[in-house]
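Each protein sequence line maps, in turn, to chains A and B.
Residues 1 to 470 in this note's numbering are what the first sequence lists, from first letter to last.
Residues 471 to 565 in this note's numbering are what the second sequence lists, from first letter to last.
Keep in mind the hints are simulated off the structure, nothing from the lab.
Computed from a predicted model, the values in this text were never measured in an experiment.
Don't take each hint at face value.
[To be verified] With a cut-off of at most 27 Å between alpha-carbon atoms, the simulated DSSO-like pairs for lysine-lysine come out as follows:
#	chain 1	residue 1	chain 2	residue 2
1	B	K552	A	K127
2	B	K563	A	K252
3	A	K89	B	K560
4	A	K289	B	K506
5	B	K560	A	K127
6	A	K423	A	K439
7	B	K502	A	K210
8	A	K384	A	K332
9	A	K289	A	K391
10	A	K263	A	K238
11	B	K563	A	K210
12	A	K80	B	K506
13	A	K89	B	K536
14	B	K518	A	K89
15	B	K563	A	K32
16	A	K370	A	K400
17	B	K474	A	K263
18	B	K506	A	K210
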Amino acid sequence: MKYLPTIGIECHVQLRTKTKLFSEVDNDARGKEPNSCVSPVDYALPGMLPRLNGEAVRLAILAGKAMNCGINASSRFDRKHYFYPDSPKGYQITQFYEPIIGEGYVELPSGTKVRIEHAHLEGDAGKLTHFDSYSLVDLNRVDTPLIEIVSMPDIHSAKDAHDYCKELWRLMCFAGVTYGDLYNGNMRFDVNISLAPEDSKKLGTRAEVKNLNSFRSVERAVEYEISRQTKLLNAGEKIIQETRGWNDATGKTTGQRSKEEAKDYRYMPEPDLPPIRLSSEFIENEAKKLPLMPSDYRKLFKGLVSDDILEILLDYPTLMMRLNEIDKKYLKSISNLFASVLLAEEKTAEYLNDLPTAEELNDLASMNEKKELSSTATKEVFLKLFDPQMKNRGTKNIAKELGLIQENDLDALRKIVDIVLEKPETKKAQEDYRAGSEKVLGFLVGQVMKESHGKANPSAVQEILKKKLS
Amino acid sequence: MDIKREDILHLAELSEFTLDESEVDSLGRDLKDIIKYISQLDELDTSKIEPTYQVFEMENVWREDKILEQDATREELLALTKHEKDNQIKVPKVL
Chain A
1 MKYLPTIGIE CHVQLRTKTK LFSEVDNDAR GKEPNSCVSP VDYALPGMLP RLNGEAVRLA
61 ILAGKAMNCG INASSRFDRK HYFYPDSPKG YQITQFYEPI IGEGYVELPS GTKVRIEHAH
121 LEGDAGKLTH FDSYSLVDLN RVDTPLIEIV SMPDIHSAKD AHDYCKELWR LMCFAGVTYG
181 DLYNGNMRFD VNISLAPEDS KKLGTRAEVK NLNSFRSVER AVEYEISRQT KLLNAGEKII
241 QETRGWNDAT GKTTGQRSKE EAKDYRYMPE PDLPPIRLSS EFIENEAKKL PLMPSDYRKL
301 FKGLVSDDIL EILLDYPTLM MRLNEIDKKY LKSISNLFAS VLLAEEKTAE YLNDLPTAEE
361 LNDLASMNEK KELSSTATKE VFLKLFDPQM KNRGTKNIAK ELGLIQENDL DALRKIVDIV
421 LEKPETKKAQ EDYRAGSEKV LGFLVGQVMK ESHGKANPSA VQEILKKKLS
Chain B
471 MDIKREDILH LAELSEFTLD ESEVDSLGRD LKDIIKYISQ LDELDTSKIE PTYQVFEMEN
531 VWREDKILEQ DATREELLAL TKHEKDNQIK VPKVL
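Throw the hints in and build the complete structure from the sequences for me.
This is the structure we're talking about:
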């Protein structure tokens, strides 16, 4: 039997606010001691009052707009109760009934549209580390602002699941709402997968794979679940609705505690936090701050940069902004340079922290166009534009300092050619060429290049040699 | 509304309470009385009334995104826990 997979994805995005969602402590705990970014509010001491971080509301509006979502004029918070040591309050503050972000969609590079059901603000939980006989609790992450983005079940392949997560990551990074550091859990994905016969109108029973933190693991987990569930269904067995964990090393999902009864979180309105009411003017004003999104660049650069190259560069928001500033006629050559560096060099991301200016890039492409720089020299100067020792001196100065500017002055080149042709060691080659051996021309060009210390434009030299020897 | 033994046991489990046999029955009776008392409100027709989520009628109580020095130190907060290890709160193993 042929089955159609149906996939819905929930994504948690940590917002890049300075402070936490409900308290004034440092939200950036990277490299800091455990429990050093914790206030009495996070600690849930009796009588503590959470106070909403306005910046989180603003970032939520940007995130929503990045996904073409409506922003709700009215939203509020609820308590989601559960007992676990990662939450001293005994509940998570979330938006269950009235979320801030309404329906929208994300368009994948392939053109597939994935609808967004809603997205809401909530606080993150603390971090547990497990040992043999005990667990340790670090509350630094408690109430880091999150938005949870809930997709509709519009995804039907592992590839689209991968592309959806990657596009979400790009949208959130371009919108500037998160640091987007996947390695440190800035974005985490929960994937729901079910299989149903292709002609069936009813969805199958789903399994949920939680806490995936890379696009690749999302793709692999979906592939694995499709094959696992297909085997079970073909054998006439039933899929159990359960949470499954992903093991990156084995490439498998395994069943965690299966929940026999439905979760019972006893949601109730959060009485400590007054509702959020947003005027349309406020929403519009905030939405104006949204910079160009990947889909905008796809339209702007269409036909100027190849799709493959563009998709590589679209992982880097600041790079796209810079490319948008340079002369359109140089966009292709400069994009290719960036793509080749990003593909070939190990340094990738940190390479782009401090980008060359638009002027430096325009100059580089223009020098290459005028043949003042060979393609090898262009790449060399391009890399120097990132070099802390060299940068900010201007492209022309760097090229001059490195002695890479090609000699295009034909009179000067003719003089060098004459010198070379006078040399006894080139006489034999000259004779051979006149006798019809084309391949010795390469040797003679090489001699001229050597004489010019590599600065001569080789194609110009070749033309001069041909004329002189004819 | 009838409160069954299973309801009490379910609620106890969700709240991480351990109950004696005798407590299950007495709590059930108490809860039934409470619900009966509150149920008097059902006589009112609230179908056309917006739910009240909070009584102060405030909205948009936001604060600036600015880090403030905390009154309580890590040491003071950790001192409130029963068990501590390496500046973390030590709890029985959970998975």
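Checked hints:
no., hint, verdict
1, K552/B x K127/A, "holds, 18 Å"
2, K563/B x K252/A, "holds, 25 Å"
3, K89/A x K560/B, "holds, 17 Å"
4, K289/A x K506/B, "violated, 54 Å"
5, K560/B x K127/A, "holds, 12 Å"
6, K423/A x K439/A, "holds, 19 Å"
7, K502/B x K210/A, "violated, 39 Å"
8, K384/A x K332/A, "holds, 20 Å"
9, K289/A x K391/A, "violated, 31 Å"
10, K263/A x K238/A, "holds, 21 Å"
11, K563/B x K210/A, "holds, 21 Å"
12, K80/A x K506/B, "holds, 26 Å"
13, K89/A x K536/B, "holds, 23 Å"
14, K518/B x K89/A, "violated, 34 Å"
15, K563/B x K32/A, "holds, 24 Å"
16, K370/A x K400/A, "holds, 15 Å"
17, K474/B x K263/A, "holds, 19 Å"
18, K506/B x K210/A, "violated, 41 Å"
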